[in-house]
Amino acid sequence: MTKVTMTVNGRQVSGDVEERTLLVHFIRDRLGLTGTHVGCDTSQCGACVVHMDGKSIKSCSTLAVQAAGSSITTIEGLAQGGELHPVQAAFKANHGLQCGFCTPGMVMTAVDMINRYGGSLDEKTVRENLEGNICRCTGYHNIVKAILAAASDMSAGRQAAE
Amino acid sequence: MYATNYHRASSVADAVHLKGASDESKYVSGGMTLIPTMKQRLAAPSDLVDLRHIAEMKGITVSGGSVRIGAATTHAEVAQSSDIKAACPALAHLASLIGDPHVRHMGTIGGSIANNDPAADYPSAMLALAATIVTDRREIAADDFFTGLFETALADDEIVVAVTFRPPERAGYCKFPNPASRYAMTGVFVAKGTDGVRVGVTGAGADGVFRHAAMEAALASDFSPQAIASVTTDPSDLLSDIHGSAEYRANLVTVMARRAVAAA
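Top to bottom, those sequences are chains A and B. Heads up, the first sequence is in full-length UniProt numbering, so the first residue is 1 and it goes up one at a time. Heads up, the second sequence is in full-length UniProt numbering, so the first residue is 1 and it goes up one at a time.
Note that these hints are calculated values from the structure, not bench results. Each residue gets a CB set at the ideal place from its N, CA and C atoms; glycine is no exception. Any given hint could be a false lead.
Computed, partial: chain A to chain B, Cβ under 7 Å [claimed, not checked]:
1. Ser43
2. Val49
3. Gly54
4. Ser56
5. Ile134
6. Thr138
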């Protein structure tokens, strides 16, 4: 057992873990943040995507000890003051989910790609950047629509703020 | 996953020291191959030595006609680097095709070439660019580095700290990705430099990545897709699996090579 300390959704957390403990299990089982999902367990589906130091990673393919000292954002860390993050709101408005299992990973991936591409996102880029996220319900159509809507809303918001 | 012990190295020397403390230890960088392999219990290192926080293994520099990429540089960093896009856009393109965005945020060039997966992208570029693999104790030409499936010239505790190469005049990379894994079913990197044309092929060879001598000869006199349209590859040297036969891959080598030359 070893003690790990990291920042999760802005809060410093610590816990004793076996060194083989995956980050996703630390987040779900030790911190009780069960929004991050384990889908395939073979590193392919992306339901477990969180942000580590601002970049999307698969928390099922990263050990908790590897993440020690980092800053992690999970799906629970997106909404601020009871208000949905624009990407969450866009998924709701565009019906970007059906069963919802892949949605936390989809939303975290969407936030990451909007951070990287901003308002210049187009459908082809969105689809390319969803390669690491699998949805078995929607056929991706409304997910892509939601991400494009959020990217456009967020860049309009940024311009208005400037 | 079987139990393991984790050590975070602060320097290259520290990493070698930590690794030496156990016979069954392994280095881990981004872990995008090793951690999934450990989850499947196909690997069970007693100790992991984490190289991801070693400052001297990070970063990209271009100077004096040479490009140096630190081994702990991620695929995303190579794909987005303005220095790499200027010096060798084909390499930035290659990095942008590896896995998916999440894998590219963690996986590193050093980890990829040290693992030498027969379907990994980077080894083909290292061969075609006549890159030098810089380790903690020596420099190894790419031609001598990749020795077989998952085999390299590295000693057990040797660490890749960087790769260096001279920017090519022209280069291109094209791969046919496996639709599920995104690994190359066949990927071809072509590079035209001051020393001639070199062609690296990944994903297809039964012994791993290889140079295609017949294509290099054809492209040396005429660097055009037509020059290699009728150059064939012997299927008896190629991989055959549920995803594609050796004959299918032999055809893919020509198709990918033509597209890579066209893109160069």
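Each hint tested on the structure:
1. Of the supplied interface hints, the one on serine 43 (chain A) holds, with its beta-carbon coming within about 4 Å of a beta-carbon of chain B, less than 7 Å.
2. The interface hint given for valine 49 (chain A) holds, since its Cβ lies 6 Å from the closest Cβ of chain B, which is under the 7 Å cut-off.
3. Contact between glycine 54 (chain A) and chain B, as hinted, is not supported at the beta carbon level, the nearest pair being about 10 Å apart and thus beyond 7 Å.
4. The beta carbon of serine 56 (chain A) comes within 5 Å of a beta carbon in chain B, closer than 7 Å, and the hint placing it at the interface holds.
5. The closest approach between the C-beta of isoleucine 134 (chain A) and any C-beta of chain B is roughly 10 Å, which is over the 7 Å cut-off, so the hint fails.
6. Interface hint status for threonine 138 (chain A): violated, as the beta-carbon distance to the closest one in chain B is roughly 18 Å, over 7 Å.
Checked against the numbered hints above, the structure breaks hints 3, 5 and 6 and satisfies the rest.
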